[in-house]
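*Asks:* In order, the protein sequences belong to chains A and B. If you read the first sequence in this note's numbering, its first letter stands for residue 1, the second for the next number, and so on. If you read the second sequence in this note's numbering, its first letter stands for residue 338, the second for the next number, and so on.
Calculated from the structure, these hints are not laboratory results. Where hints are given, some of them may not hold.
Stated by the list, open to error - Below are the SDA-like pairs computed for lysine to any residue, each with C-alpha atoms no more than 20 Å apart in a straight line:
#1 Lys24(A) with Ser729(B)
#2 Lys24(A) with Lys731(B)
#3 Lys104(A) with Thr164(A)
#4 Lys202(A) with Ile684(B)
#5 Lys666(B) with Val584(B)
#6 Lys571(B) with Val584(B)
#7 Lys136(A) with Asn642(B)
#8 Lys284(A) with Arg201(A)
#9 Lys251(A) with Trp172(A)
#10 Lys134(A) with Ser662(B)
#11 Lys614(B) with Leu800(B)
#12 Lys731(B) with Val138(A)
#13 Lys177(A) with Ile55(A)
#14 Lys134(A) with Arg659(B)
#15 Lys202(A) with Leu800(B)
#16 Lys643(B) with Gln217(A)
#17 Lys202(A) with Lys731(B)
#18 Lys711(B) with Thr203(A)
#19 Lys202(A) with Leu709(B)
#20 Lys699(B) with Arg220(A)
#21 Lys284(A) with Gly683(B)
#22 Lys202(A) with Gly705(B)
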Amino acid sequence: MSQASTTNVKIEAPGLGGDRIARKLIDNSVWVLLALGIVIFMFLSPKYFNPFNNIQLYFNIPMQASVMGVLTIGLAGTILLGDIDLSCVGMMAVSSATGVLIFKNFHIPGVMAFVIIIAVGTFLGFVNGLLIAKLKTVALIETLAMNTALTGVVLAITRGRTITVSEPEYTWLGQSKAFGTVPYLVFILMFVYIIMYVVWRKTALGRSFYAVGGNAQCARVSGINVDRTRIAAFTISGMCAGIAGIMLSSKMSSINSVFGQTYGMDIIAAAVIGGTSLQGGIGKVSGILGGVLLLNFIQVGLQVLGLDSYFVQMATGLIIMLAVVIDSLRIRFQARG
Amino acid sequence: MERETILEVRDVVKTFGATRALIDVNFSVGKGTIHSLVGRNGAGKSTLVNVIAGVIRPDRGSVVFGGSEISGLSLKERQKLGIRLVTQHASIVPDLDVAENISMGLWAKNRLRMIDWKRMHERAREVMNEFGLDVDTRKSVRHLTPVDQRKVNIIRALFGGGKFVILDEPTTSLSSEDRDNLFKFVREQAEKGITFILISHYLDEILRVSDEITTVRDGLVFPNMKGDADTHDKLARVIAGEDVELVTRDADKTPSADVLLECEGVSAAFLKPTDTKVYRGEIVGYVGFPGSGAREICTMLYGLNKRQGGIVRVNGKAAEIRRVSDALKHGICYVPNDRHADGIVGIMPIDENIGLSILRDKLRSLFGLLNLSKERDIAARSVETLKIKASSIKALANSLSGGNQQKVVLAKVLACSPRLLILDEPTIGIDIKSREEIIGLIKDLTREGMGVIYLTNDYDELLRIADRVVIFNDGQIVGDMENKNLTPETIIEIRDKNERVAAE
Chain A
1 MSQASTTNVK IEAPGLGGDR IARKLIDNSV WVLLALGIVI FMFLSPKYFN
51 PFNNIQLYFN IPMQASVMGV LTIGLAGTIL LGDIDLSCVG MMAVSSATGV
101 LIFKNFHIPG VMAFVIIIAV GTFLGFVNGL LIAKLKTVAL IETLAMNTAL
151 TGVVLAITRG RTITVSEPEY TWLGQSKAFG TVPYLVFILM FVYIIMYVVW
201 RKTALGRSFY AVGGNAQCAR VSGINVDRTR IAAFTISGMC AGIAGIMLSS
251 KMSSINSVFG QTYGMDIIAA AVIGGTSLQG GIGKVSGILG GVLLLNFIQV
301 GLQVLGLDSY FVQMATGLII MLAVVIDSLR IRFQARG
Chain B
338 MERETILEVR DVVKTFGATR ALIDVNFSVG KGTIHSLVGR NGAGKSTLVN
388 VIAGVIRPDR GSVVFGGSEI SGLSLKERQK LGIRLVTQHA SIVPDLDVAE
438 NISMGLWAKN RLRMIDWKRM HERAREVMNE FGLDVDTRKS VRHLTPVDQR
488 KVNIIRALFG GGKFVILDEP TTSLSSEDRD NLFKFVREQA EKGITFILIS
538 HYLDEILRVS DEITTVRDGL VFPNMKGDAD THDKLARVIA GEDVELVTRD
588 ADKTPSADVL LECEGVSAAF LKPTDTKVYR GEIVGYVGFP GSGAREICTM
638 LYGLNKRQGG IVRVNGKAAE IRRVSDALKH GICYVPNDRH ADGIVGIMPI
688 DENIGLSILR DKLRSLFGLL NLSKERDIAA RSVETLKIKA SSIKALANSL
738 SGGNQQKVVL AKVLACSPRL LILDEPTIGI DIKSREEIIG LIKDLTREGM
788 GVIYLTNDYD ELLRIADRVV IFNDGQIVGD MENKNLTPET IIEIRDKNER
838 VAAE
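Just chain B, same shape as in the assembly (with noise of 0.2 Å):
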């Protein structure tokens, strides 16, 4: 079948000092479909989007918007066309309520031109129904469940007369089933005649939800791939420009009998009493929802999260874990699942922020001074084996791709020589290949005994890696299994099941 075309764009060229972002780029979307964009950090994904609406400004080249060219309208004219750019945080605002935020900008006025809060509530319940989301329009957004909250976001594009969509990775810290939901809802609004273009990292959902799929790579474009690459496999492949091989875990793996870490009916805020061990070499995956239990063991563990009762054992000694330096202190270490708000120093250099866990221990020499030689040999050294892109160890963390980003917080927790490394949803918003190479790293280290936590709700990656599940709701253990014939439905089912299953 042939759709009616929305938008061309024709031999876009766009460079940013020496590097050229897009080359040549030819790309045409048509009406009423969801378009997917798919590629590594990095690729040109974005300087794309961004073209198209009109934030970046391409040094060649035009954009055909409806028919007609639109290259010379400013980002403020192309909304007026229907073109929307939806990314994940920018347009919500969390403490006014969903009538205000869909509202916002377009407010119902009455005769003195004052907020009329009656209609506008009224019409922002019309819009609800419309787009069959059931909330309560006078909620602040901040507590709606996270996929509503999303919801929200995209509503508030169409309200405004949005009639192209771009979506930036809107699925992301969501579950699976959230994320199906979200796709459902954004093919629903498809159905009416609204075009999307999707950018996601999640290749099995790209794959089932979208009409047509575009790789970006290395500035080049690759439309069309939906007919060739049908399997997840196959996009991955076509993503790196080059075999991917995914990492799993060694079949013939021997769990070691040394305990690393021994929990004893340790609890927090939001876990209840709970014991669990780590053993040396061993991968625990973590499950669990926020407020389940699990990210408050791991941040327990690193000393972010207050400790109310129990004991921690690591190597058999009890460890007093007040703050993350007593954490260092006994080589426990933590990735967090923010890296903006808690990885990354963006300001800062690599090779400064690779250093900064161990300034006062490894760095540390004479008269107090800090080693700035041997820091700049860590980064260096890191930068080579994690395979960092950057122009140089002195380039700002900023500068960098997300992927690289997230390398670099772990080139600094690696610094540390950690003996158990906690690692809170590492792949979150990361290119495949980064994703393998960061895995693949970690499953190298477990070689030499340090053992790790891996908290994630990406249940394919966990089965992947993991030698063993732990399973939490509602602040308790509901499950610890051998990764032994589990399938993502299994722990959907325990997870939910909510009753304590035997640890065998």
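Excised from the complex, chain A in its bound form (with noise of 0.2 Å):
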């Protein structure tokens, strides 16, 4: 009987010919966006873009985009809530600071630093979500607090020295490749990713954020714990920035005092540009993955062609007010819905 009746209902997507594919395009625009950001650059230098010449630099561009990737999708989740977590860069570089510093003060193997650099960024992300969601202070001044604080710690860490951390114990993660071909950190990313894709779309926790996201209020009506949901997206965040700074020291072979920072405003672009809304309940793991390729595409396109690093801020900031046009264009196709 219920077999029979499922049959009837259609389960695919809404719309019709133009209308649908319009809203896939919407959808997928960061993929759009890259496709034609790859096809201008090769126009405008075919010796470093087309990719039958220079296949290279394709490569490169998920090497490049690996550390800010993993921290974008940790920050990702609390936008997806509503919420947001400003405090990456701090978390990310108090961890990674603490581990070095321990690594090399009491010579202890690199995987145990590395696994110490977790549960310190956990532990953070632990502590934020904590504020927000039982003391219900308001995300975007809390980690802003916390970052703020963070720097500060890490500043009176490395008294404004770069400490070097060189030894090949620490740094294979970083530098190496995985069979001599595809670099660890791209497989890290890919890793982080993947777990993120099955957390957000298969698990009741993900839901969780789509929900408590979406309408936060009819979320604790059904029956999901608000709290402990935030809790679990700040803390998720905290455990990103951890590993990045893994994958950033390792890679640098030091930690300094401006550690990470400028990554600070490309991760809310990367997230916003793959279509996370800032509203919350709206967002997906394959399209914020765009977002951060698109960015390091463009960012190092514009690098090679020799522009000023401010040309590059510049580029960076018009492409944000893209994305959130587009997003504004994707709620207005929804309404019409």
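With the hints as a guide, bring the two chains together.
*Replies:* Structural data, given as structure tokens:
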């Protein structure tokens, strides 16, 4: 009976013809933009951007994007809830500085240092979550304060100097390739995104992210533990910051007082370009990956073209604006549906 | 008597994608009349008034107002002509006072182009006198009674020069006395020459108050129903386009002796220590104003509202309900009264909405992953049994009409297989056909032993289906009786007497 009845109900997404294609394009606008970007750059400088001449460039993008990608997906979980985590960079710096100092002073194995870094990041994220969910502090301000405090901690630890960590035991992860072909960093990026895809789409926790971000009051009335969902999102953000900290410190063989600070705005930009709505409740892991790749491609591309770094920043700003416009188009499109 | 025509809609066609919202609509309104628009949710009423107000442009056809063509005019320009669309929430700012709300955009200014507060309040007082509404203009609108808030909303439209006012569901969640009060006010304004278009689901009131009734069904408009459909039943039939049978309780129903829910001395905010029971298969109707304790006991049982004392027993065993998930574990489910705020996640598809309460329960599969195909199955089955009108189970909840959204909420709740179902005004703003479908389904479920608490202020509906009626006032039960020989009047009388009537 139930088998027969299900066949009568359509399961595919609604919409007809042109409408459906337009919606698909808007939903996946980041990949369209990425393709467009590649074509434009190929015209501007065929020598560098033609994949048949210079495939190496296209291999470098995921490598360049790896640290930022891991940071972004953690942040995006909090945006999905309708909150935001501005302390990602601070958590990344403090957790990796802690790990590196313990590694250097107590001569523990490199892998142990990695575990400590992830633990510190996760703990800091958990504290964020606790303060936001239980004490009802506003995420924007609470994480801003946390970031300021953590940046201060890093300054205090490093005293403005660079701490080098050149032991191969620590740097293999950021500087070598698995089987001599694919960098470990790219592996980590892929691993984290696959895990997050499963969490977001296929677990009760991920579904709760969407529900709380879409309508927190309804989520509560439906029996979802909103506080626990919030704490989980911020904890995951902290954990991702820890992982990104390992990746960056291992790649750079060092920690300094401005560790990772260039990522501050870029990760928010990448999440928004990737289709994560700042209103909460809308976002896709694949889109966020696209956003990260797009932003990195443009930044790398402009540098290859020989543009000054302030142009690169300007371009990043323009892309974010474009993303925001697309976001509002998406909402208008849905309202019509 | 022949009245001067103030508005004419000619041959209007409007399509949204593949749906035809309005099909060759011709429709006219006489000056100084109250013209009601009735129809099911999604029938095209809102599209029609939006075309008139200039919110939506039709694909074809024209709108003529006061003898001149206004099809090309914008919403703003039409407002200048006196056309106003008054929706339930839109135009009132609760934290501003009455005078500020009324003067918004039409501020009285002094020589320095600053707002002249004194003159603004004087003017507001004059206006209030003129419209016969006795309120303090310095009071913030939030603190007015619901019916006065609605009146202020209408006065605001009239004060700004409104001559042709469209009222979209002006009486939702008002009590029946307040509805009468509001309609009396509207009638007084109509007699002064203001024209009203009224959209409402309360058919009895529509029949009483309107000069003319137009039915909208599937994009088609059937004008001038007033003469033919002069009773509730006839009108309901025209709206649905078929016979709608009103669901009533079975007269021979014998009450079960099994106690499903027992409250002993339970108390909460706005609820004094209270004893009450629900039996298996019983529909108990709860009556009471906001703050009377009726809603408070419901939300307390569902874990949304803190219990301050007493014991709740489910099937004879004490149930510790601290949060919603505890209530769900005991098989207590709740349909909230505000489906937009509490019932649905608009930007989620239907199937995911339906799965929300069973994520960690029925949908849980290996490694804590969600069983998504089971979710789709449950959703597809609910769409069939509840007759949810949607293009697919992946359609966003936002895209559905009110009645269908409420069915999604119900589907979500029923997916938990409730033992006790608490319904908080489940039929507000829902068309008759959906309403009767929902009530009928609830009645069917009680045959299988589910107990129902049905909280409503629609006494006709209540008396049609409740087996027992419990009346709350001032935080306590003031009446608890079998639904035998009860009328809405007796219920109001008992409710207002504020004395405990011995429960027999």
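*Asks:* All hints, please: hold or fail.
*Replies:* These are the hints, each one checked on the structure:
Our distance criterion of 20 Å between C-alpha atoms is met by Lys24(A) and Ser729(B), whose separation comes to about 17 Å. Of the supplied pair hints, the one linking Lys24(A) and Lys731(B) holds, its CA atoms being roughly 14 Å apart against a limit of 20 Å. As the CA atoms of Lys104(A) and Thr164(A) are separated by approximately 9 Å, the hinted pair is consistent with the 20 Å bound. Distance check on the hinted pair: Lys202(A) and Ile684(B) sit about 18 Å apart at the alpha-carbon level, within 20 Å; holds.
Only pairs whose Cα atoms come within 20 Å are accepted, and Lys666(B) paired with Val584(B) is rejected, the gap being roughly 31 Å. For the proposed pair Lys571(B) and Val584(B), the alpha carbon gap of about 16 Å is at most 20 Å, so the pair holds. A threshold of 20 Å between alpha carbons decides the hint, and for Lys136(A) with Asn642(B) the separation of about 18 Å falls inside it, so the pair holds. About 9 Å separates the Cα atoms of Lys284(A) and Arg201(A), which keeps this hinted pair within 20 Å; it holds.
As the CA atoms of Lys251(A) and Trp172(A) are separated by approximately 8 Å, the hinted pair is consistent with the 20 Å bound. For the hint pairing Lys134(A) with Ser662(B), the CA-to-CA distance comes to about 18 Å; that is within 20 Å, so the pair holds. A threshold of 20 Å between alpha carbons decides the hint, and for Lys614(B) with Leu800(B) the separation of about 19 Å falls inside it, so the pair holds. With a C-alpha separation of about 33 Å, the suggested pairing of Lys731(B) with Val138(A) is violated against the 20 Å cut-off.
Using a Cα cut-off of 20 Å, the hinted pair Lys177(A) and Ile55(A) holds, with the two alpha carbons roughly 17 Å apart. A distance of roughly 16 Å separates the Cα atoms of Lys134(A) and Arg659(B); the hinted pair therefore holds under the 20 Å criterion. Proximity of Lys202(A) to Leu800(B) is assessed by CA-CA distance (about 45 Å); at most 20 Å being required, the pair is judged violated. The hinted pair formed by Lys643(B) and Gln217(A) meets the criterion: a straight-line CA distance of about 16 Å does not exceed 20 Å.
Taken as a hint, the Lys202(A) and Lys731(B) pair is honoured in the structure, with Cα atoms around 16 Å apart against an allowance of 20 Å. Taking the CA atoms of Lys711(B) and Thr203(A), the gap is near 14 Å; set against the 20 Å cutoff, the hint holds. A threshold of 20 Å between alpha carbons decides the hint, and for Lys202(A) with Leu709(B) the separation of about 7 Å falls inside it, so the pair holds. Taken as a hint, the Lys699(B) and Arg220(A) pair is honoured in the structure, with Cα atoms around 18 Å apart against an allowance of 20 Å.
With a C-alpha separation of about 17 Å, the suggested pairing of Lys284(A) with Gly683(B) holds against the 20 Å cut-off. The straight-line distance between the Cα atoms of Lys202(A) and Gly705(B) is roughly 9 Å, inside the 20 Å bound, and the hint therefore holds.
Against the hints set out earlier in the document, violations occur for numbers 5, 12, 15.
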